[in-house]
Amino acid sequence: MMRRALVIFVLVAVAIPLMLAMAELPRHGSPDAPPQTHVAPYYLEHGPEEAGAENIVTAVILNYRGLDTQGEVTVIFTAMAAVVAVLVAGGAGVPADRAAAPATTPVSLIVRFIVRVLAPFIVLFSVYVILNGHVTPGGGFQGGTILGALLIALTLIMSESDARALLPQRPERLLQAAAPLTFFAVGMIGLLLTGDYLAYPHSGPTIWIATLMLTVVEIGIGIGGAMVVATIFRTMGADR
Amino acid sequence: MIAALWHNLDYAASVILFCIGLYAVITKENLIKKFMGLNIMETAVFAFIVAIGVVDGGEAPIMGPGVEPPFINPLPQALILTGIVVALSTTALALSLIIRIWRQCGTIEANELREVE
Amino acid sequence: MTPWPPLLALLIVVPLTGAVITPVVGRTRAVRSANWSLGVMLATSVIALVLVVQVARAGPFSYVVGGWLAPYGIELRFDEFGAVIAVICLLGTLAMVFSRRYAARAMAEQRIPYYYALLLLNLTGMIGFAVTGDLFNLFVFMEILSLSGYALVAVSGEKIAEMAAFKYLIMGAISSLVILLAIGILYALTGSLNMADVTERLGGAPAAPLAVAFGALTLGFMVKAAAFPLHIWLPDAHAIAPSPVSAILSGLVVKVGIIGMLRVYQIAYGSGAVDMRTLNHVLMWLGALSIVMGAFFAVFQDDIKMMLAYSTISNIGYIILGLGLASSYGMIGASVHVFNHAIIKATLFLGAGALIFQTGKRTLTDLAGVGHAMPWTVAAISVGAISIVGIPPTAGFVCKWYIALGAVQAGHPFFAFALVFGALFIFIYYIRMVNAFYFRQPRDPAILEVTEAPASMLVPVLILASLCLIMGVMGSVPLSFIEPAVHRLLLPLGGG
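Chains as they are written, first to last, in our numbering: chain A, 10 to 249; chain B, 12 to 128; chain C, 13 to 508.
Calculated from the structure, these hints are not laboratory results.
Incorrect hints may have been included.
Straight line, CA to CA, 27 Å or less: simulated DSS-like cross-link-like pairs of lysine-lysine [what the hints assert, rightly or not]:
1. C:Lys171 / B:Lys44
2. B:Lys44 / C:Lys179
3. C:Lys179 / B:Lys45
Being a predicted model, the structure only gives us computed values, none of them experimental.
Generate the whole structure from the sequences, applying the supplied hints.
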């Protein structure tokens with residue numbers, strides 16, 4: 010009873026100031042609110058020609074706030090490194106009765122068949138999403154997640170050894186770091202070409218280089234993202 | 012205040028979602044449920060920030076022939092894409108910690124774990 | 013001579029990229045990852061040194077990433093408070109050296125490359141956090157350092173390490189979320205994420221959202237800094253982590269909350285739109301409570317690392333008190349204590365780590381008499397202990413003296429009293445520690461047979477201990493270095 014009263018008190022103490030603050034914020038949806046009049050109009054106006062992307066969200070992610078995105082791919086790499094570091098070489102001190110969980114869940118024939126039939130189409134779709142991020146909703150992360158989901162689905166229907174063979178063995182760790190590495194490489198190329206880190210030569214005769222750099226970044230994010238997601242899943246499922 | 016809140020209903024909804032998540036974090040003993048509460052809180056904050064970018068009658072900020080202003084603010088969407096990746100990363104790490112706790116202690120109920128300690 | 017402008021971006025991306033390559037380098041032999049990460053850290057230190065010299069000569073400067081101008085792109089801004097990167101690089105390098113022998117024994121071979129990668133990522137996150145001038149970028153770097161921090165606590169292999177890491181993760185994630193919420197509110201009010209731009213555009217904003225935003229920022233950063241009632245995650249996490257990680261977590265990672273708080277002040281005072289007086293009062297009380305309670309709990313600890321962890325809470329209290337006073341002396345003392353406490357606490361944690369590594373024991377009772385077996389390590393720990401108490405010729409004294417002066421200057425002599433009271437407690441428990449090491453009868457005579465720590469552990473500890481003394485003798489250098497930044501910060505208040 011005491012505890013419940015305390016919980017209610019905490020929730021009310023959090024909710025009331027937040028509600029008061031929300032009530033005084035600029036009206037929701039108003040075109041005159043500061044977020045709609047200050048920085049964003051610049052993106053909307055100059056995004057297509059300055060950043061070379063019709064999808065302004067992609068323009069912001071890869072161009073205007075590129076360092077954020079480099080940080081973001083590093084965050085997900087950190088998560089992968091953390092999961093591997095926490096779970097690797099574990100297993101000591103398992104209570105015997107609890108450890109007897111089934112090693113693999115049996116998968117029905119239908120699921121196995123459908124995943125195999127859909128796999129090439131899923132790959133195709135993910136490539137499309139990765140490469141078309143600058144004109145349609147999508148981009149490296151979204152496509153990478155689709156690819157990662159496919160890898161997870163395949164891991165589920167295959168035996169342990171087959172699933173291992175699915176991912177390339179030797180360059181595995183390099184591919185896991187693909188996203189931050191391509192960001193660094195492209196950033197340094199930008200530094201050489203324009204004198205600014207992570208800048209793209211968007212104007213002049215070298216515009217094709219900018220397009221190439223952006224595509225490389227998107228592919229890097231896609232492959233890196235897929236590898237990281239699949240690795241996290243596999244590490245969690247491994248050595249029960 | 013109620014009238015003002017009515018205009019900012021989206022923001023108010025995210026506050027309610029935030030409190031639901033906080034409730035789960037405080038009261039649930041199961042570590043996975045606790046963490047799902049945190050995920051709900053994260054979703055609430057993301058929803059709030061995305062809602063900031065909404066413009067009445069706005070379209071998705073993808074330029075091209077045949078689209079006209081007003082456009083929805085692209086910046087919050089870009090930020091929250093980052094935010095979602097951060098949330099995913101935190102979730103992955105939390106789940107792997109829970110797996111380890113389960114293997115070592117055989118339970119993931121916070122009250123039972125306190126006894127184990 | 014101005015350094016090449018993109019150097020500020022390289023300061024972040026060089027260790028960032030170095031970190032993601034670490035597991036690749038260590039694929040066949042783990043020791044390669046140790047060498048590689050040490051090399052990366054040394055390269056970063058060189059860049060950091062050039063930048064710190066530049067800021068000391070010519071004041072703050074900034075760089076926009078990708079050539080996109082300030083409110084549209086991400087601005088990196090390097091000011092005197094950012095000079096904390098010098099300490100980050102120093103402690104990072106020493107912790108890497110210290111880890112070589114430690115990791116080889118305490119961790120499984122496959123874990124080591126990822127351990128170094130996470131350590132580098134943690135340091136990079138802090139560097140990025142210290143130099144960014146953009147609110148959302150701040151959040152991203154905060155997450156890099158937090159995530160790697162949670163994982164580093166969990167890899168120690170101690171029995172309840174995962175539980176401590178999970179507790180740390182829940183508290184850390186909630187505080188990050190609260191900070192993100194506040195950033196969202198500031199964005200809704202100003203339409204900008206650039207700190208300087210937000211500062212300019214905050215005037216005339218409605219009161220309630222402002223109050224909630226700044227309250228939330230303070231709350232979030234106080235959890236990160238482990239101020240007293242919000243400290244519950246700290247003792248377990250810092251005591252259980254591997255010793256080099258404890259040194260980094262206790263010396264640097266909690267300071268992230270303080271640097272964040274300094275940025276909050278820069279926005280709040282610079283804009284003049286926010287009345288920080290109530291919040292400052294809260295901070296003063298939080299600080300005073302942390303000083304006294306942290307020291308109080310530390311007295312009752314027998315586990316040496318647990319004691320050091322509580323002592324961190326107490327010392328963070330000094331810094332928070334100094335910030336809350338909002339007087340120039342208090343602020344200067346607090347900022348310099350960020351540097352000095354990092355060095356002192358790293359001395360103590362690495363020294364304690366060396367003791368535990370050699371003897372396999374971690375309580376004061378078991379370690380009694382170890383001073384005769386490991387004279388150099390224990391001498392270094394004693395120097396650290398004297399510094400943290402704040403006895404005059406050492407690094408701890410200057411800052412505490414300044415904070416006490418600040419309390420009087422701000423018209424709150426009561427807090428100066430709390431400060432002295434806390435110092436007395438701290439004195440008691442460090443005397444207890446030094447006494448046990450030198451003068452108590454060893455419980456187990458075998459402890460006298462223990463040999464001195466290996467060079468890769470002893471050298472970092474001795475370097476840090478001598479720095480404690482040097483910083484004490486040359487105490488005026490950091491004070492005069494940070495002074496212009498503090499005066500610029502307090503200028504809107506009428507010069508403090």
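Hints, one by one, checked against the model:
no. : hint               : verdict
1   : C:Lys171 / B:Lys44 : 23 Å, holds
2   : B:Lys44 / C:Lys179 : 14 Å, holds
3   : C:Lys179 / B:Lys45 : 11 Å, holds
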